[in-house]
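If you're matching them up, the sequences are chains A and B in order.
Letter by letter, the first sequence follows residues 1 to 182 in the working numbering.
Letter by letter, the second sequence follows residues 183 to 306 in the working numbering.
Hints are computed from structural coordinates only; laboratory data are not their basis.
Keep in mind it's a predicted model, so treat the numbers as computed, not measured.
Treat the hints loosely; a few may be bogus.
[To be verified] On the chain A side, residues computed to face chain B include the following (Cβ under 10 Å):
#  : residue
1  : T86
2  : S90
3  : A98
4  : G100
5  : E101
6  : L102
7  : M105
8  : I106
9  : E116
10 : H117
11 : V118
[As the list claims (entries may be wrong)] Computed footprint of chain B on chain A; a stretch qualifies when at least three of its residues, placed anywhere within it, have a C-beta under 8 Å from a C-beta of chain B:
#  : region
12 : 75-85
13 : 107-113
14 : 145-158
[Stated by the list, open to error] Some, not all, of what chain A presents toward chain B, calculated at C-beta under 10 Å:
#  : residue
15 : V36
16 : V91
17 : D93
18 : D94
19 : D97
20 : N104
All C-beta atoms, glycine included, are put in the ideal place defined by N, C-alpha and C.
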Amino acid sequence: MTAITKDNRLDETLVTESLSRATLDVFGTMLGVDAVAGPRYTEKQPAHPSHGLVSLIGMAGAWVGTGGISCSAELACKLSSRFLMTEYESVNDDVLDAMGELTNMIIGNFKNEVEEHVGSLGLSIPTVIFGRNFVARSTAENEWIAVPFECEGETMVVKVCLSPQSNRPVVRGHAPPPYMVD
Amino acid sequence: MPLDVLIVDDSAAIRKILQRVLAQTDVPINRVLEAGDGREALNLLRTEKINLVLSDINMPNMDGLQFLTEVRANDEWKSLPVLMITTEGSQAKVMEAVQLGATGYVRKPFTAEQIKEKLATLHF
Numbered sequence: 001m002t003a004i005t006k007d008n009r010l011d012e013t014l015v016t017e018s019l020s021r022a023t024l025d026v027f028g029t030m031l032g033v034d035a036v037a038g039p040r041y042t043e044k045q046p047a048h049p050s051h052g053l054v055s056l057i058g059m060a061g062a063w064v065g066t067g068g069i070s071c072s073a074e075l076a077c078k079l080s081s082r083f084l085m086t087e088y089e090s091v092n093d094d095v096l097d098a099m100g101e102l103t104n105m106i107i108g109n110f111k112n113e114v115e116e117h118v119g120s121l122g123l124s125i126p127t128v129i130f131g132r133n134f135v136a137r138s139t140a141e142n143e144w145i146a147v148p149f150e151c152e153g154e155t156m157v158v159k160v161c162l163s164p165q166s167n168r169p170v171v172r173g174h175a176p177p178p179y180m181v182d
Numbered sequence: 183m184p185l186d187v188l189i190v191d192d193s194a195a196i197r198k199i200l201q202r203v204l205a206q207t208d209v210p211i212n213r214v215l216e217a218g219d220g221r222e223a224l225n226l227l228r229t230e231k232i233n234l235v236l237s238d239i240n241m242p243n244m245d246g247l248q249f250l251t252e253v254r255a256n257d258e259w260k261s262l263p264v265l266m267i268t269t270e271g272s273q274a275k276v277m278e279a280v281q282l283g284a285t286g287y288v289r290k291p292f293t294a295e296q297i298k299e300k301l302a303t304l305h306f
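Okay, chain A solo, but in the shape it has when bound (with noise of 0.2 Å):
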């Protein structure tokens, strides 16, 4: 497999698998869930859900991106439940960190993996978002690759976008710093 496309992009398998392995290891490891990985989808704008919990975590180096979780709030009382061995009936600040957490160890996995491909790349400290009626929308170029997981009779979405730094879109009505000027 060529992890690199011709038009500079990673191969969409090679991203799926690596984010079914991060995700399944770490639900194994650190959870006790079973989760099943579902076909993975390709969006433009990752399609986050209008209520519900999202948790981001940045990368960058020679390529730059984003990883995340999505689920619903109900979903994310019940995996924080299980990794904090602590029953929680609604989101609260413990809820949230566990999902950032949850989400540092995935993407973080995935990114070890693709490191092999694309370089080093540094990993931010998560954010995570909890609400209701929120619109989210990513300025990245290329496309997010999702890939969605069944457990606990719910869907979990886990997602990344990444694309090498020359790709990065100038943002309109800016212009650049001396110093970035070739």
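Using the hints, position chain B against chain A.
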């Protein structure tokens, strides 16, 4: 002699899990202190007697490798056991931690047994 342990991780969830794991080990524990980043951990080391540190790498303010560098630069803490517990799994990162003086390295996700096995090698 029961140990005074310092857990350094920006995730409260991981700190809670590691507290639970420590309570399950055969290693006698006197108390467990927590820090959310390397800077907070250094402040605690300056005021508390600590026998063992469990530290993440990716943290805000001061990361685990910077923290480790500061610890090993201080004569008082040169022999302090510091076990890194982190998602960073590349060979390069492990080598860097070892060269900076990490006593051991455990990758996340981890099982309680993996932590216990690592602690057993420290011969408390």
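These are the hints, each one checked on the structure:
1. T86: Holds: closest Cβ of chain B sits about 8 Å from T86(A), inside 10 Å.
2. S90: 17 Å, violated
3. A98: A98(A) check passes; min Cβ-Cβ to chain B is 4 Å, inside 10 Å.
4. G100: 7 Å, holds
5. E101: 4 Å, holds
6. L102: 8 Å, holds
7. M105: Holds, because the Cβ-Cβ distance from M105(A) to chain B comes to roughly 5 Å (cut-off 10 Å).
8. I106: 9 Å, holds
9. E116: 9 Å, holds
10. H117: Where the cut-off is 10 Å and the nearest Cβ of chain B is about 12 Å from H117(A), the hint is violated.
11. V118: 12 Å, violated
12. 75-85: Since three or more residues must qualify, the claim that chain B covers the region 75-85 of chain A holds, with 4 doing so at under 8 Å.
13. 107-113: holds (count 4)
14. 145-158: violated (count 0)
15. V36: 18 Å, violated
16. V91: 14 Å, violated
17. D93: 8 Å, holds
18. D94: 7 Å, holds
19. D97: 5 Å, holds
20. N104: 6 Å, holds
The structure fails hints 2, 10, 11, 14, 15 and 16 (numbered hints given earlier, in ascending order).
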